[in-house]
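Colleague: Protein chains in written order, with my numbering: chain G, 15 to 306; chain R, 5 to 292; chain X, 482 to 935.
In short, the hints are calculated from the structure, not lab data.
Misleading hints may appear alongside valid ones.
As the list claims (entries may be wrong) - Result set (DSBU-like, lysine-lysine): computed pairs, CA atoms no more than 30 Å apart in a straight line:
1) Lys548(X) to Lys826(X)
2) Lys553(X) to Lys593(X)
3) Lys155(R) to Lys915(X)
4) Lys74(R) to Lys740(X)
5) Lys553(X) to Lys155(R)
6) Lys719(X) to Lys915(X)
7) Lys731(X) to Lys155(R)
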Amino acid sequence: MREATIPPPASRHRSVGHWRPLRTGGLLAVAVAFVGWCVFPFYIMITTALKTDPQIFAWPPVWLFHPVLRNMQNAFFVVGGRSALFFLMNSIIVTAVSTILAVLLGSMTAYGLARFHFPGDRNIAFFILSTRFAPPVAFVIPTYVLVERVGLLDTRLALIIVYTAANVSFVTWILRGFFVDIPKEIEEAALVDGYRHIEIFWRVALPLIKPGVITTGILCAVFSWNEFLYAMILTQSRASTLPVYLSQFSGSTTLVWDQYMAVGVIAVLPVLLAAWWLEKHLVRGMTFGAVR
Amino acid sequence: MQRTALRATLAVLIGPSLLLLTALNVAPFFLGVYMSLYYWSLANLGPPRFLGLLNYEYLFADYRFIDSIKVSLLFVVLSVATELVLGTTLAFVFSSRARGMASLRRISLLPVMVMPLVAGLVWFYLFNPTYGTVTWLCYAVGLGRIPFLTKDWLALLCLVIADVWQWTPLVMVVVFAALQSIPEYCYEAGKMDGLSQRQMLWRITLPLIRPAIVVIMILRAIDSFRNIELVYMMTRGGSGTETLPWYIYSTAFIDGNLGSAAAMAVVMVLFVTVLTQFLVGRLRYRQA
Amino acid sequence: MARYRVLNSKIAGYAVKCCFAAALIGLGALARQAHATGVLNGETLRMIALGDPVFQAMQNMHDELEKIGGGKIQLEIKGYDVLHQQVLLNCRARVSSYDLIPIDLPQIGEYKPCLMDLTPLIKASHYNSNDFQQAAWDAGQQAGMQLGIPLEPQPEIFAYRADVFAKYGLKPPVTIEQMLADAKRLNNAEPGMAGMCWNGQRGTPLGQAFVQILGDYGQPPIDEPRKGEHDFDITNLKPANMHPLLDTPKALAVAQLLKALLPYSPPGVLDMAWGDSYHVMAEGGCAMGYVWSGYTSTWSSYPNAPAHGKFAYVPHPHGPGAVNRSPLGGWFLGIPKNIDPSRVKLAWAALRWLTSRGMMIRYTEHGDCVAPRASVSDNPQVITRCPVVEAVNDFAQKGELAAWQRPPIPQIQFIYNTLGAQMHEMLEGKISAKQACESSQRIVDRQMRLQGVY
Numbered sequence: 015m016r017e018a019t020i021p022p023p024a025s026r027h028r029s030v031g032h033w034r035p036l037r038t039g040g041l042l043a044v045a046v047a048f049v050g051w052c053v054f055p056f057y058i059m060i061t062t063a064l065k066t067d068p069q070i071f072a073w074p075p076v077w078l079f080h081p082v083l084r085n086m087q088n089a090f091f092v093v094g095g096r097s098a099l100f101f102l103m104n105s106i107i108v109t110a111v112s113t114i115l116a117v118l119l120g121s122m123t124a125y126g127l128a129r130f131h132f133p134g135d136r137n138i139a140f141f142i143l144s145t146r147f148a149p150p151v152a153f154v155i156p157t158y159v160l161v162e163r164v165g166l167l168d169t170r171l172a173l174i175i176v177y178t179a180a181n182v183s184f185v186t187w188i189l190r191g192f193f194v195d196i197p198k199e200i201e202e203a204a205l206v207d208g209y210r211h212i213e214i215f216w217r218v219a220l221p222l223i224k225p226g227v228i229t230t231g232i233l234c235a236v237f238s239w240n241e242f243l244y245a246m247i248l249t250q251s252r253a254s255t256l257p258v259y260l261s262q263f264s265g266s267t268t269l270v271w272d273q274y275m276a277v278g279v280i281a282v283l284p285v286l287l288a289a290w291w292l293e294k295h296l297v298r299g300m301t302f303g304a305v306r
Numbered sequence: 005m006q007r008t009a010l011r012a013t014l015a016v017l018i019g020p021s022l023l024l025l026t027a028l029n030v031a032p033f034f035l036g037v038y039m040s041l042y043y044w045s046l047a048n049l050g051p052p053r054f055l056g057l058l059n060y061e062y063l064f065a066d067y068r069f070i071d072s073i074k075v076s077l078l079f080v081v082l083s084v085a086t087e088l089v090l091g092t093t094l095a096f097v098f099s100s101r102a103r104g105m106a107s108l109r110r111i112s113l114l115p116v117m118v119m120p121l122v123a124g125l126v127w128f129y130l131f132n133p134t135y136g137t138v139t140w141l142c143y144a145v146g147l148g149r150i151p152f153l154t155k156d157w158l159a160l161l162c163l164v165i166a167d168v169w170q171w172t173p174l175v176m177v178v179v180f181a182a183l184q185s186i187p188e189y190c191y192e193a194g195k196m197d198g199l200s201q202r203q204m205l206w207r208i209t210l211p212l213i214r215p216a217i218v219v220i221m222i223l224r225a226i227d228s229f230r231n232i233e234l235v236y237m238m239t240r241g242g243s244g245t246e247t248l249p250w251y252i253y254s255t256a257f258i259d260g261n262l263g264s265a266a267a268m269a270v271v272m273v274l275f276v277t278v279l280t281q282f283l284v285g286r287l288r289y290r291q292a
Numbered sequence: 482m483a484r485y486r487v488l489n490s491k492i493a494g495y496a497v498k499c500c501f502a503a504a505l506i507g508l509g510a511l512a513r514q515a516h517a518t519g520v521l522n523g524e525t526l527r528m529i530a531l532g533d534p535v536f537q538a539m540q541n542m543h544d545e546l547e548k549i550g551g552g553k554i555q556l557e558i559k560g561y562d563v564l565h566q567q568v569l570l571n572c573r574a575r576v577s578s579y580d581l582i583p584i585d586l587p588q589i590g591e592y593k594p595c596l597m598d599l600t601p602l603i604k605a606s607h608y609n610s611n612d613f614q615q616a617a618w619d620a621g622q623q624a625g626m627q628l629g630i631p632l633e634p635q636p637e638i639f640a641y642r643a644d645v646f647a648k649y650g651l652k653p654p655v656t657i658e659q660m661l662a663d664a665k666r667l668n669n670a671e672p673g674m675a676g677m678c679w680n681g682q683r684g685t686p687l688g689q690a691f692v693q694i695l696g697d698y699g700q701p702p703i704d705e706p707r708k709g710e711h712d713f714d715i716t717n718l719k720p721a722n723m724h725p726l727l728d729t730p731k732a733l734a735v736a737q738l739l740k741a742l743l744p745y746s747p748p749g750v751l752d753m754a755w756g757d758s759y760h761v762m763a764e765g766g767c768a769m770g771y772v773w774s775g776y777t778s779t780w781s782s783y784p785n786a787p788a789h790g791k792f793a794y795v796p797h798p799h800g801p802g803a804v805n806r807s808p809l810g811g812w813f814l815g816i817p818k819n820i821d822p823s824r825v826k827l828a829w830a831a832l833r834w835l836t837s838r839g840m841m842i843r844y845t846e847h848g849d850c851v852a853p854r855a856s857v858s859d860n861p862q863v864i865t866r867c868p869v870v871e872a873v874n875d876f877a878q879k880g881e882l883a884a885w886q887r888p889p890i891p892q893i894q895f896i897y898n899t900l901g902a903q904m905h906e907m908l909e910g911k912i913s914a915k916q917a918c919e920s921s922q923r924i925v926d927r928q929m930r931l932q933g934v935y
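Bound-form chain G, shown alone:
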């Protein structure tokens, strides 16, 4: 007689019951091939960033070469114009502030939706979720006009507001699931102790879902860091972020590949590090917790 308990979570490396691989070696080979394909473009990016101009355009491509750090230097500390460092700073500022705001607002909304049931809460939740699916291309046109009228064109503030709005729905949806999982007893105890709801949110609930908050925060940061369309249209020179720098030369094939790849590497590095640390939590974040 089996007990009616919750089955223990499956262990990480347990192989899927019946599907016993006949040739482990074969599977490993497939896995390695796949990973190789995933990693190959990174290899190209890094090596191109370290090559000299003639090597980049060489045919057949140069595989062995002496790495040169000049491109990285040029991209960031120089040459003739606005270095990528400026764009990097803007990216960092915009990402940091918008992430903090999004997590703050989103967690508050998530808590409100998770703990309180009021007429229309389903509709509000639905509305908030559906904004995640808004295509940026369609909204950038009126948003541009709006931002221009308000006089916030080419400011970091405009980007921060836009990114916060874009991230809020995502944060709300994920954290709502986390909040729902908190046992009610803890909060009821706090209520009895005389805490107000907002205090409960801030001091009790939020700390309890700290891992969720951190993961969601990092995912928001990744989104803001990578966002390109709004940044390109809403900023010209003062507030431009890294993706704007990278998008400048689309369609032209002869110019500064080395610097481009160098900046590409830098643009991608922080996000890759985040991904490495977060692999476990990413899945839940990216699929709205539908896969438990």
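With chain G held as given, fit chains R and X onto it using these hints.
Modeller: Frame of chain G; chains R and X shown alone:
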């Protein structure tokens, strides 16, 4: 007293987000509808000219608009299908207990986090006819110097490859997590019932991971429909890769015709809204 | 008593420190003053630019420029379409983010509301424009206002490999028929060398190529009034002149020419735009090609380039019944109208400096082969570095340069985009030449009506 305190709390908790989202989603939509009724030019500093529904008339007679929707749908179907098939298969592969699989799995997640623009940049370099690595590889195996990004159907395929490269690992990880969460007793019950391996796969595993696959399929479909970075960096709409987002962008910010682009944007939003109402409704249902 | 003394000494101490600080600050200011003798006066000049040779030259000389200028220079280089978009967005902002803006000659009509009239500034500083080539100077005017100073005005001419032509006993083409025949003859005659290089990239590059070849057939893209037997007047275009002429027999001939050229062009020609095709030409990948004269530095400034010293120059080959008319274009510098008024002085000083004779000679040293000033094009060193300068002078004197092929109307960019898209589809084999011409005509006509032009 309790009621008003509750209401105040709710207002503080949910109010700011709602306000923000209304200002940046609802308001722009209506502004977009308003703009679509005018000739609104990026270059023209004069007041916009009222056109009524003329933009929409021209739109539905515009073969480029219809084509862009077709291309977008084709792109979505090709890339999502490929990602699903590859991702699911690889999820099974990665479930094996071989040594090193866990680290390999972690490494394979790298493409997902890359800036889509950088992904486009790198694949643009790889497919370049003059010095691209992939071009050279094809040349070296005797396929000749293929002009990947300028040949009609091949260009769209290149975009699909870039998209598949970036997102298959995500699909793989999601399905993998779903596989891992199937409790052991399901298989034991199956074994006790005398099911063969293939039957267990069909009747136990696949149905149990179906919800996860559906979720990730919906998410990927919607996300790849609105993808513009790949087209922006790799082909700029040439050679049969003019997707709807690119056509809207180029009409608005390259041709400078904001009114016409706003009309297209309205159509796109309505289309996506109807779609998400339907799909998200199903998602909600499943979660509940 | 003691407290008084301590207080006194404390005050004295503070006083000394303050004086010291003041002295330092004063010295610093003096030092900066001494340093800031250059044009920029210690300020930062903000420019947006293209990857054209002159701006690349500026980029190469960046540090030198900052030293001579006595200030900082912020130069942002962008691609052609991105630049166009950013200039328009900048124009709509309340205050301009840039002090100087580059203007491609045909864009001067579109940018008219965005540019400041330089005439009062010219008068106030007694600026002498006689050194400039007349055609170049006049091209910077619109509606009686001087909106731009020529920085890099140049014609697009035709380059051919003199050595290869001699080897095969061919003379440089004068008509388009000869050009096509030569391309066919020379295609793959030498290893790795295609017949002809041209801009086939979808969008602006192909659109411009089409319009310019249309000019070689003797027809402008819109219904411009005639001037003389072979030319047209673009100074006073009326609404009736704005009707597009993209579905005429001559336009069809151009479309068919491009299709005919495709097999004799390098692989990837449908993705080539300016720099790309010149790169290929410099590497010996083409026997002939259209080239903007400034870009000839791609081979003439690099002795290691395989094609160095081997190209010779003639005007654009013309169609039947037409004459040599190489399109004039190139870049001007202007000041945005919405610039912060306190920066106008800086912008104007920088503008004069960057277009001065000394700077232009320096540009030729760094890979820019354009010389709109007579004093520069007569300079023997410039001629050695950039042999094309003599050819351009020659054409200019014969009156073979013209700007009517690309009228400076606000809609010209739209015309490029439309032609660039339609013709690219034709070259990919998706539509016929006739369909491409008809679509282009219909789309441009509709746009003109939408804008209320006629």
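Colleague: Of the numbered hints stated earlier in the document, which are not met by this structure?
Modeller: Those not satisfied come down to hint 5.
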